[in-house]
Amino acid sequence: MKITFKNISPYVMILPVLLITMIVVIYPLVDNIILSFYNLKYGTEKGIFIGLDNYIRNIKDPRVLYALVRSIAWTAGNIALITAIGLGGALLLSKPLKGTGIIRSIIILPWVIPTVVVSLVWRWILEPDLGIINNILYSLGLMKGKPITYLGTPDLAMLSLVLINSWKLSPFAIVVVLAALQTIPRELYEAAMIDGASSFTIFKNITMPLISPILTFLGFIGFAWCFNTFDLIWLITEGGPGSATETLPILIYRKAFLEYRLSEAASLAVIMFIIVALASFLILRRR
Amino acid sequence: MRTVTVSSVVAYICLALLVLFFFFPIYWIFISSLKPIEEIMTAKPRLIPERPTLENYINLFSPTALYGGFERAGKFFLYFLNNSLFVSLSTTVLTVPLASIAGYALSRYSFKGSGLLSRLMLVIYLFPGILTIIPIFTMMAHFGLLNTHFSLIIVYLAITAPFCTWLMRAFFDSIPKELEEAAQIDGASRFQAFISIVLPISRPGLLTIIIFTFVTCWGEYLFSSILIFSDALKSVAPGLAMYMGYQYIEWGSLLAGSVICLLPAVALFIPVSRYFLKELATGALKF
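Chains as they are written, first to last, in the numbering used here: chain C, 1 to 287; chain Y, 1001 to 1287.
Don't take every hint at face value.
[What the hints assert, rightly or not] Residues from chain Y shown here face chain C by an in silico Cβ test under 7 Å; the list is partial:
(1) F1022
(2) I1134
(3) L1157
(4) A1161
(5) S1174
(6) A1284
[Unchecked claim] The following residues of chain C were derived to be distant from chain Y, with all beta-carbon distances above 12 Å:
(7) I48
(8) K60
(9) D61
(10) I85
(11) R123
(12) E190
(13) M193
(14) N205
(15) S243
Since the hints were made in silico from the structure, they are not lab data. Predicted model, so just to flag it, every value in this text is computed and none were measured. Beta carbons are placed, not taken as given, at the ideal position from N, Cα and C, and that holds for glycine.
Looking at chain C on its own, in the form it has when it is part of the complex (with noise of 0.2 Å):
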């Protein structure tokens, strides 16, 4: 093939987006995993190769296999709540109803803004004393003597999380399945209609078959996000309390840059790495 302007010009224009990918994805990728065979603690010191003995020590400490735990649940629970409610919102805004339209436009609105102020408008929420939640509560009287402390109870804690990021993400599942909603021809549901189908059997045999594809692809993003969170579960409760919400990412954070050990966090990410691509490649397969 003869090489010529033409046909090596896409090429070129796709190069800088490539180029920095690689310097700060895919180059940062395969240095962790050098990194995870030396037992650098912090800085820039090199530190010295010790193989697997990175590795070992993750799968002996028992923080990481309730973390995997806890993760898996996490991720499971979030998931669930987001496509049920991206569902359900989205149906529920394609009916003809008044004040959909606008509600449409912006319903998109919780996903746009910043996590921190996502985790300060529910903290200041659930705050126990001055939380609007318990005192509604207080006030219906379905609560009396100590206040809720929906952050600082293990079990609630983890659950009002999962809420807490369901509210942040199943609006763009909503978004998403509106619009996959709209592919639908109008005439295949007329048609079923005159058939005399009930308003579920349209669902299960129209509606749910044409976005499966969508759901699909809404589970991998769900995955890739939930089994990733960081930034929402630190600036809530930080993994606590005690370890009640320390997922993955939270463990490896606090393992290199709390307690020093970052070789041994870059060998968690590592066995992390590794869980997503199979999880996503067996999402990905089913399509």
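Add chain Y to chain C, keeping to what the hints say.
Below, chain Y alone, put in the same frame as chain C:
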């Protein structure tokens, strides 16, 4: 007709709950920030402030604002805003041309690996920062770039450029090729056709990626909290978080600060959300 009425009443109730769930928190932080500190600290929250005031905003910027019980120079918050503005604008200026050219190449040229590259762009966007933060930290330390805005801009470029490329490709795909071909028949070069025909039509797409990039950088937390450590160089997100972590929370200033942090994101996003959602949906449906 009775059943119709009942089902629409149920639908409206669901709609009201949806609106309450997604928009009340935003309303609430805004309203709370306008309350005087005595009203914030009382256990009986009002839906509308009894005596609306800007005192929290004034405190936030006053020369000796109280943060976490410590007296701190109020101008720090101005620094944070200034830093975020600088980093976000710099990234936007770099990302937008690079991503639009790369997106154009992926849309208009068919070459080996173009489909794979498009998909790779989305995967890179979803790639978790927590898996690369450790090597990026050591890399920046190695080059003496820690605690500089330059390091943040590089990282943000890698976070935003691939996704903007993906969005722009979807956008260019929706513009008929014939327009440029006509210009080329009239003697314009491909580059001239791109500048004079394609770019002007692409204004909504460009506006979308400009605002997406700006908003993403504006609220980013993980990298800016790790790569920057002097207060004077911090961005808004870690700046706000800094005051949040303390045991004693100064709610008044914090609420005002979070409204200021959220305003640009919301104000910029609302006008383009229609385009953004449309492109996102076309991209997602094609994925």
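The hints, checked one at a time:
1. The interface hint given for Y/F1022 is met, as the beta carbon of that residue sits about 6 Å from the closest beta carbon of chain C, less than 7 Å.
2. With a cut of 7 Å, the hint placing Y/I1134 at the interface with chain C holds, because the nearest CB-to-CB distance is about 5 Å.
3. Here the hint on Y/L1157 is kept, as its CB sits about 5 Å from the closest CB of chain C, short of 7 Å.
4. Below 7 Å, beta-carbon pairs count as interface contacts, and Y/A1161 has one with chain C at about 5 Å; its hint therefore holds.
5. Interface restraint check: Y/S1174 against chain C, minimum CB-CB distance 14 Å, threshold 7 Å, status violated.
6. With 7 Å as the threshold, the beta carbon of Y/A1284 comes within range of chain C, its nearest partner Cβ sitting at about 5 Å, so the hint holds.
7. The beta carbon of C/I48 sits about 15 Å from the closest Cβ of chain Y, which is more than 12 Å, so the claim that it is off the interface holds.
8. Even its closest Cβ contact with chain Y, about 21 Å, leaves C/K60 beyond 12 Å, as expected for a residue assigned away from the interface.
9. Under the 12 Å C-beta cut-off, the non-interface status given to C/D61 relative to chain Y holds; the minimum distance is some 17 Å.
10. The claim that C/I85 is not at the interface with chain Y is violated, since a C-beta of that chain comes within 12 Å of its own (minimum 9 Å).
11. Residue-level check failed: C/R123 sits 7 Å from the nearest beta carbon of chain Y, not beyond 12 Å.
12. Distance check on C/E190: its Cβ is at least 18 Å (rounded) from any Cβ of chain Y, clearing the 12 Å threshold; non-interface status holds.
13. Every C-beta of chain Y lies more than 12 Å from that of C/M193, the closest at about 14 Å, which supports listing it as non-interface.
14. With a least CB separation of 21 Å from chain Y, C/N205 remains clear of the 12 Å interface cut-off, as annotated.
15. For C/S243, the non-interface assignment is confirmed: its Cβ lies about 17 Å from the closest Cβ of chain Y, beyond the 12 Å cut-off.
Hint check: violations occur at hints 5, 10 and 11; the rest are consistent with the structure.
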